[in-house]
Amino acid sequence: MIEVQNLGKYYSGFAAVDDISFKVNEGEILGFLGPNGAGKTTTMRILTCFMAPSRGTARINDQDILQNSLEVRRNIGYLPENVPLYNDMSVRGYLLHMAALRGVPRKKRPERLEAALDAGKLEDRAETLIGKLSKGYRQRVGIAQAVVHDPKVLILDEPSAGLDPRQRVETRQFIKSLSKNHTIILSTHILPDVQDICSRVVIISRGRIVAQDTLDNLETNQSATPRVQLRLKNPTGDAANKLKEINGVTRARREKDTDDESTFVLECAPGKDVREAAATLCVEQNWGLLELQRQGTSLEDIFLRSTTMEEHYGGETTPASESL
Amino acid sequence: MNSITQLFSKELRSYFTSWLAYVLLAGWLFLTGYIFVLLIVSSTIMPNFNLAPLFSNMMVFILFITPLVTMRLLSEEKSEGTIEMLFTSPLTEWQVTLGKFLGALLFMLVLVACTLYVPFFTFRYGSVDSGPVWGSYLSLICVCGASVAFGIFCSSLTESQVVAGFLTFGGLLGSWILNWVSQVAPDNKWASLLSEISLYSHFQGMLGGAVDTKDLIFFLTFIFFFLYATVRVLESRKWR
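These protein sequence lines map, in sequence, to chains A and B.
The first sequence: position 138 = 118 (my numbering), numbered continuously.
The second sequence: position 10 = 231 (my numbering), numbered continuously.
Hints are supplied without guarantee of correctness; some may be wrong.
Okay, derived cross-link-like pairs now, DMTMM-like style, lysine to aspartate or glutamate, Cα gap no bigger than 20 Å in a straight line [what the hints assert, rightly or not]:
#1 A/132 x A/44
#2 A/160 x A/98
#3 A/160 x A/130
#4 B/231 x A/107
#5 B/459 x A/144
#6 A/115 x B/301
#7 A/224 x A/239
#8 B/459 x A/-2
#9 B/459 x A/44
#10 B/231 x A/68
#11 A/112 x B/297
#12 B/459 x A/61
#13 B/459 x A/-1
#14 A/112 x B/301
These aren't lab readings, by the way, just hints derived from the structure by calculation.
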């Protein structure tokens, strides 16, 4: 559905995006991650035909971004980073305007307007001037305009920035619901969201791809040992030793003691899930199991490791500018 | 074509949703009305009632109004970032430029049309030759088109509306001043070259009612040139 081939954007002196290639299959949500200034926005602007790449190309929906730019744009819904909107228009007026510009036939516009208002949960603000909306509502107008022409591909640059926790959950669920008949590239700094809704991630740093795989593969391939954390209310003195005897546990250590609870961390052999055995043991020994959690390698670890590794080998530091 | 109409009606609407349109309209109507009244009063003293001074003054007012009308067209899109929304929609640079040009031009033509009461009363109650009047209106339309095209071009160059406004004003003022040179030194060939590229010498030619294709082609070329330049500036975002 989206095929990026050797894309690069070079400015005099530095590469904003340097030879990146990846694919997104139909119906997939791709998490597009990277530190600020890594080249995410530049890549998205190239994919949405706002800028041209210095080298390479991309195909979206089997159309080339350079040769069939108009056709590509007809099928893309884009939410830019800072949600630029016309402040002197009402939400309804703005959405209708964008629908018309993106070629929605006049007859279908009322129906698409309703769908977009619903997508952004904006029904009660339809007549409000955009300039009077709060940041969260502006973000929702941004989401609504991205889907107003019912595009097959959505490119969302930080859709949950500025939203309150509840709106964030709603937005996450909404994006998830879109994945049935849309292909989505999602850039965000909120890693739990990525873990929850993305099937694959691409991590870029300094314009280069440093990791790309499905989340599961990334988590298992990263060689760090999976960990299980236990919180017990009244463990006996030999609890650590007993825990170590569980099949699959390579190390067990008592990490922290407070007045009424102790924390244990079990390091496990790769691919082993020891949670059930640990729980049974705790119950048998009557240690008062308060909490049991698999730590694994979180996306955060992967993100930090791959982006700092790149920094380590990345040569001189050049600040990446994302301005026009 | 649909997209152009959509863009153009959005522009036109946004003039009338702000104060700008009403302030400009009020000022414009006051000034043109004031000059019209002066002309009527002076006609009791001087023979040969003539509307030409009114139209010359309207042209000068257009010089002041155009920057206010065109300065935000593209520079605001740039500074607010909304240009990203425009060009990630399926629109070509020509569609955007033409949409904005037509929106601003139509607004200027609304101003010009508001003075149509002047020929109405003069034809009805006076005896004025109609040729020069319609010639003047045609030349006002041409000057509006050319000024707006130049204004859009200036607006595409910068993110700052103030800079865009000053560039437009400076450019149009310069074009007016060029015209003076030929009046000071009518025989100098450099002076006549400079006055040939001035908008206002072509305007004055038509003011007398003599519509020359040479002047019309000058205006059309001028408009096309600056619209084309705007399109190229807009396209430059891709490779810069």
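A quick look at each hint next to the structure:
Taking the CA atoms of residue 132 of chain A and residue 44 of chain A, the gap is about 15 Å. The hint holds against a cut of 20 Å. As the CA atoms of residue 160 of chain A and residue 98 of chain A are separated by approximately 17 Å, the hinted pair is consistent with the 20 Å bound. At roughly 13 Å between alpha-carbon atoms, residue 160 of chain A and residue 130 of chain A fall within 20 Å of each other, so this suggested pair holds. A hinted pair counts as satisfied when its Cα atoms are at most 20 Å apart, and residue 231 of chain B with residue 107 of chain A qualifies at roughly 17 Å.
Between residue 459 of chain B and residue 144 of chain A the CA atoms are separated by roughly 35 Å; this puts the pair beyond 20 Å, and the hint is violated. For the given pair, residue 115 of chain A sits about 15 Å from residue 301 of chain B by alpha-carbon distance, which is consistent with the 20 Å threshold. The suggested pairing of residue 224 of chain A with residue 239 of chain A is violated, with an alpha-carbon distance near 24 Å, which exceeds 20 Å. With a C-alpha separation of about 17 Å, the suggested pairing of residue 459 of chain B with residue -2 of chain A holds against the 20 Å cut-off.
Between the alpha carbons of residue 459 of chain B and residue 44 of chain A the distance comes to roughly 16 Å, so the proposed pair stays at or under 20 Å and holds. With a CA separation close to 11 Å, the supplied pair residue 231 of chain B and residue 68 of chain A stays within the 20 Å bound. A C-alpha spacing of about 18 Å is found between residue 112 of chain A and residue 297 of chain B, which places the hinted pair at or below 20 Å, so the restraint holds. With a CA separation close to 18 Å, the supplied pair residue 459 of chain B and residue 61 of chain A stays within the 20 Å bound.
For the hint linking residue 459 of chain B to residue -1 of chain A, the alpha-carbon distance of about 18 Å falls within 20 Å, and the restraint holds. Taken as a hint, the residue 112 of chain A and residue 301 of chain B pair is honoured in the structure, with Cα atoms around 16 Å apart against an allowance of 20 Å.
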